[in-house]
Amino acid sequence: MKSHIRPSRGDRIFDLVTLLLLTLVLLAVAYPLYFVVIASLSDPMLVANGEVWLWPKNFSIEAYTKVLGDEHIVGGFLNSLKYTVLGTAINLVVTLPCAYAMSRRDLKGKGIFTTFFLITMFVSGGMIPTFMVVRNLHLLNTTWAMVLPGAMSVFNMIIARTFFQSTIPDELREAAEIDGCSIPRFFVSVVLPLSKAIIVILVLYYGVGHWNSYYNAMLYITDRVRFPLQLVMRGILTQNQIPANMIQADVDLVQHRQYLAEQIKYALIIISSLPLLVIYPFLQKYFIKGVMIGSLKG
Amino acid sequence: MKAAQAAAPSGGKKHRTGPGLNPKRFWSYMKGHYWLYLFLLPAVLYLIIFHYVPLYGVQIAFRDYSPKFGITGSPWVGLEHFKVFINSYFFGETFRNTLLLSLFTLVFSFPVPIILALLLNQMPGKRYRRVVQTVTYAPYFISMVVICGMIRIFLAPSSGLVNNLITMFGGQSINFMGEPGWFRTIYVVSGVWQNTGWNAIIYLAALSGVSPELHEAAVVDGASKLQRIWHIDIPSILPTAMILLILNAGSLMSVGFEKAFLLQTGSNISTSEIISTYVYKAGIESQRYSYAAAVGLFNSVINLVLLLVMNAVSKKTTKSSLW
Numbered sequence: 040m041k042s043h044i045r046p047s048r049g050d051r052i053f054d055l056v057t058l059l060l061l062t063l064v065l066l067a068v069a070y071p072l073y074f075v076v077i078a079s080l081s082d083p084m085l086v087a088n089g090e091v092w093l094w095p096k097n098f099s100i101e102a103y104t105k106v107l108g109d110e111h112i113v114g115g116f117l118n119s120l121k122y123t124v125l126g127t128a129i130n131l132v133v134t135l136p137c138a139y140a141m142s143r144r145d146l147k148g149k150g151i152f153t154t155f156f157l158i159t160m161f162v163s164g165g166m167i168p169t170f171m172v173v174r175n176l177h178l179l180n181t182t183w184a185m186v187l188p189g190a191m192s193v194f195n196m197i198i199a200r201t202f203f204q205s206t207i208p209d210e211l212r213e214a215a216e217i218d219g220c221s222i223p224r225f226f227v228s229v230v231l232p233l234s235k236a237i238i239v240i241l242v243l244y245y246g247v248g249h250w251n252s253y254y255n256a257m258l259y260i261t262d263r264v265r266f267p268l269q270l271v272m273r274g275i276l277t278q279n280q281i282p283a284n285m286i287q288a289d290v291d292l293v294q295h296r297q298y299l300a301e302q303i304k305y306a307l308i309i310i311s312s313l314p315l316l317v318i319y320p321f322l323q324k325y326f327i328k329g330v331m332i333g334s335l336k337g
Numbered sequence: 014m015k016a017a018q019a020a021a022p023s024g025g026k027k028h029r030t031g032p033g034l035n036p037k038r039f040w041s042y043m044k045g046h047y048w049l050y051l052f053l054l055p056a057v058l059y060l061i062i063f064h065y066v067p068l069y070g071v072q073i074a075f076r077d078y079s080p081k082f083g084i085t086g087s088p089w090v091g092l093e094h095f096k097v098f099i100n101s102y103f104f105g106e107t108f109r110n111t112l113l114l115s116l117f118t119l120v121f122s123f124p125v126p127i128i129l130a131l132l133l134n135q136m137p138g139k140r141y142r143r144v145v146q147t148v149t150y151a152p153y154f155i156s157m158v159v160i161c162g163m164i165r166i167f168l169a170p171s172s173g174l175v176n177n178l179i180t181m182f183g184g185q186s187i188n189f190m191g192e193p194g195w196f197r198t199i200y201v202v203s204g205v206w207q208n209t210g211w212n213a214i215i216y217l218a219a220l221s222g223v224s225p226e227l228h229e230a231a232v233v234d235g236a237s238k239l240q241r242i243w244h245i246d247i248p249s250i251l252p253t254a255m256i257l258l259i260l261n262a263g264s265l266m267s268v269g270f271e272k273a274f275l276l277q278t279g280s281n282i283s284t285s286e287i288i289s290t291y292v293y294k295a296g297i298e299s300q301r302y303s304y305a306a307a308v309g310l311f312n313s314v315i316n317l318v319l320l321l322v323m324n325a326v327s328k329k330t331t332k333s334s335l336w
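Respectively, the protein sequence lines represent chains A and B. Numbering follows my numbering, in which position 117 of the first sequence is assigned residue number 156; successive positions increment by one, without gaps. Numbering follows my numbering, in which position 49 of the second sequence is assigned residue number 62; successive positions increment by one, without gaps.
Straight-line distance between alpha carbons at most 20 Å, and here's what the computed PhoX-like set of lysine-lysine pairs gives:
(1) Lys-44/B <-> Lys-149/A
(2) Lys-235/A <-> Lys-324/A
(3) Lys-139/B <-> Lys-328/A
(4) Lys-324/A <-> Lys-139/B
(5) Lys-235/A <-> Lys-328/A
The calculated label-pair distances, taken between Cβ atoms and stated as ranges, are:
(6) Ile-217/A <-> Val-233/B: 51 to 57 Å
(7) Gly-194/B <-> Arg-48/A: 43 to 49 Å
(8) Leu-54/B <-> Phe-161/A: 19 to 25 Å
(9) Glu-192/B <-> Ile-158/A: 40 to 46 Å
(10) His-295/A <-> Gly-194/B: 32 to 38 Å
(11) Pro-80/B <-> Gln-280/A: 28 to 34 Å
Because the hints were derived from the structure by calculation, they are not lab data. Each residue gets a CB set at the ideal place from its N, CA and C atoms; glycine is no exception.
Same shape as in the complex, but just chain B (with noise of 0.2 Å):
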């Protein structure tokens, strides 16, 4: 036990079997730990199954699958594939889509929750925002399906409060869901409402750990509470807000399926056809799966390559990485 032990701290690399590893001191490891390795099995084999086959299936984006010769059976194809999906007009639609939609929604909905991050810091008055931080949060707990059918019902043509308030003012009623144009605003704002606050919290923690003497000396110095949050709030929430900056643009190409899926109507499809919702029409709704793997193929190398990027960016202007 106590051999074992003296080993473990310096263990990251020299424990593997090898030539090297007393098999004395590994079995009498193995009889007073097995019990650890048992409670990772579960949670290894769940990931083997549905992460790491899948992963292996991959290659039928280079196959022909039919069922009657299955994954590893179907004959090789290549590239035949990707080059169908680059050459096709859904390639530029599907593509320009994802990248706009979540390029837009990076652009407002990461600044807004550090907006109000910092108001709620500087809110007078406790109870309030408590009031104000419980609200704000709640709409994140709210399920897909209800909030694309409030949005839904919110914007209908003649019956909807969004339509009867335009009205109300004297505008002509704007059929929101119909019209392609409007569908990027609809999703960016709904994601705006629904996860501001909840973002904000991150932001919050960062601002509590600042150190309130910074904040009483500014005040003794003078400092206004604009050049507070300017001097002291703002540069103590920046090394996360770099961080997640860098991560969401890491995952700028996979937006969610669900979302978009949920908002599509037949005649705003021409914005709302992203990559993930055609691998799903491509791969289960019309069953060709080797064409619809390779586009989720595709989405999924490109997602990779911007991480690994934007990861390495990160480590060299800021010094902290995911890894």
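Just chain A, same shape as in the assembly (with noise of 0.2 Å):
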């Protein structure tokens, strides 16, 4: 595009600066990430006198042994595990077919139906009448006040109706009709296989979603053994309630328990970040795509 005109001085300054600019928002972007994966793994006690910087000193791996020893954390993780895979799939229960009935032009009382929907984009009961709601139906400590609440965010299923009814063509479906395809059926065996990019989408937005969330969980679970992961962190990084058993048995010195104390937040972040970090490199994609899809507006 520029290629047989010689970009001036100012334009090689401009990039220069931009080139520059762009790496220190790399760096403090990346820094603090890395500071944290280096301080898990290097000995407490330099990490706490600031002599850790620029890589781990001091390798040591005490604290994640202690972290994964941990009952309460194993078990939140196995909890957030089932929260996540169980709300995920509820989700896309009821958002893909809800989506793919919208995105029919052949829909009688669309209308109705789209102002019904958007409507709880503007307004809501709030914190208070929907967690009397839960409580009236008995959910309140139970697996489905967790996934059952946010089982479809209407944001999502517009996202998703936008996607099929740019990907699939009318006369596909007249086709399909013509031989005699019920709806389910040529939603089951023609949508859906056209539709992968947005059911990657989906299980990436509700999956973070609920992998991440502890609001719900603050409200509607009180009994520690259903905890998610993210309660649990939340007591041990926000409130610096550690496990006592984690730190005490063998760690006689009370300076040192303290440090020790620090270490196992810096490893539980990571551990708990894992899920996603594994993921994130090759799905990014995927995210910003649904971003996109988002944008249209339609």
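Dock the two chains into a complex; use the hints.
Next comes the structure, spelled out in structure tokens:
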């Protein structure tokens, strides 16, 4: 595009400044994350004294063994896994058929349904009335309280609807109808196989949401055994409630105990983010695709 | 089937049950399409139970809820709870905190993604650009609990990263989490850190839609990069930016509960107590359901009014609106 015109001096200076600024941004975002990694692998005392900056010092995985040996954390991890898998499955079962029906031009009463869905995006009963519904349905302290109150996001449904509208041609549906293909059959054997991209996007959006959420659990779950990982972590990370058995048994020095507590926090951050860290680089483009579809007004 | 389809495109209004409806056509339409309504059923049921029933339950804000009588049986008290809230010490504090917190968030976190997107778009070197993008999106996926945990660890008075840096350069260590004056800065800066990369995506998308010919023509005419950004890039993302600005301004009073709650400490409560955290404490912790519902409703009504006003403003000035 600019092959035959030599960039001016001003433009070269501009490029240099851009590169410099963006490198600064890169470091500002990446360093805190990198620091958590190296701090989790270093001798906690050196971390606390500010001697760990660029790479781990006195490499130690003590904190990881403590974290992985703690029943609350492991239990929380498993609970989170359960809520995420079940919750996401419910999300898909509710969202996809709804989005498909809404994408069909021959759906009568579409205006009513659209209004019905959109209203919920702008007005809500709020924390207390929703809490009372969950309580009155006797869902408190059950797995259902973690997965049903967020069974569908209208925003995600609209993304999926937009996707269906733009990828499933009307002619295809008409051809199938002439061949006597029923709606559910067409949906399962034609629409879904053509919609892998949107399914991946929804799984990611919903899945990450479930994995990261603590709000529902804090409101609806009081039974420690049912705590998701985020709630267990909240106790440790923001309220400093380190399970006593994690640091008392073999650590006698009060000072070292305090350091180890910090270490455990770093390790916990890494372990809780692990599922996301693993999938993130591979699926990044789907997240972004979702934003693109979502930004189309329709 | 054919008749139903012919009716469908114009169908927005006419087809509802009513005297004008031809039952024969209705049934033949339903015969072919009842599955569509079954497809909608789970979503509709879900929204009724978890959104519309709570909306109906908002009436406890005007009643004195007691478990014995239930939501619809408790005695009416009118605006009593609203009066108590507005006359209480908490009103001024939580209202101001909520407004200031989101005002600062808006002022700082709105322009930064635009600048990032403009720079990324002009950046030479495709591969490095992708690295920067990938890394800056990443924090968006970190959970709020972890973000707030990291903030607390990094800002710890004696052992935290930030204070180690400060003392290394000879400064005095600061008790960030303990001082009310720091709360908003921490909240806003960490929000910018977490969300800028993600929020830039939408602007990058708008920028990638700019026709390359515009830039080529400008280059031929001798326009510098800065001039091209100013005259081509910025005008092309302006509509997107306006809509987002309006949306954000419309949600000025709906600061999320999660982050403020996690960053609260006993000593920064005078700036960190916002309406939503107060609702949680009054409602869930102290079980003053009616009062808390009233405070929450007060907040939602302000939100809705703000959104409607901003949407109307947007319709007038930019001809783009939410609905």
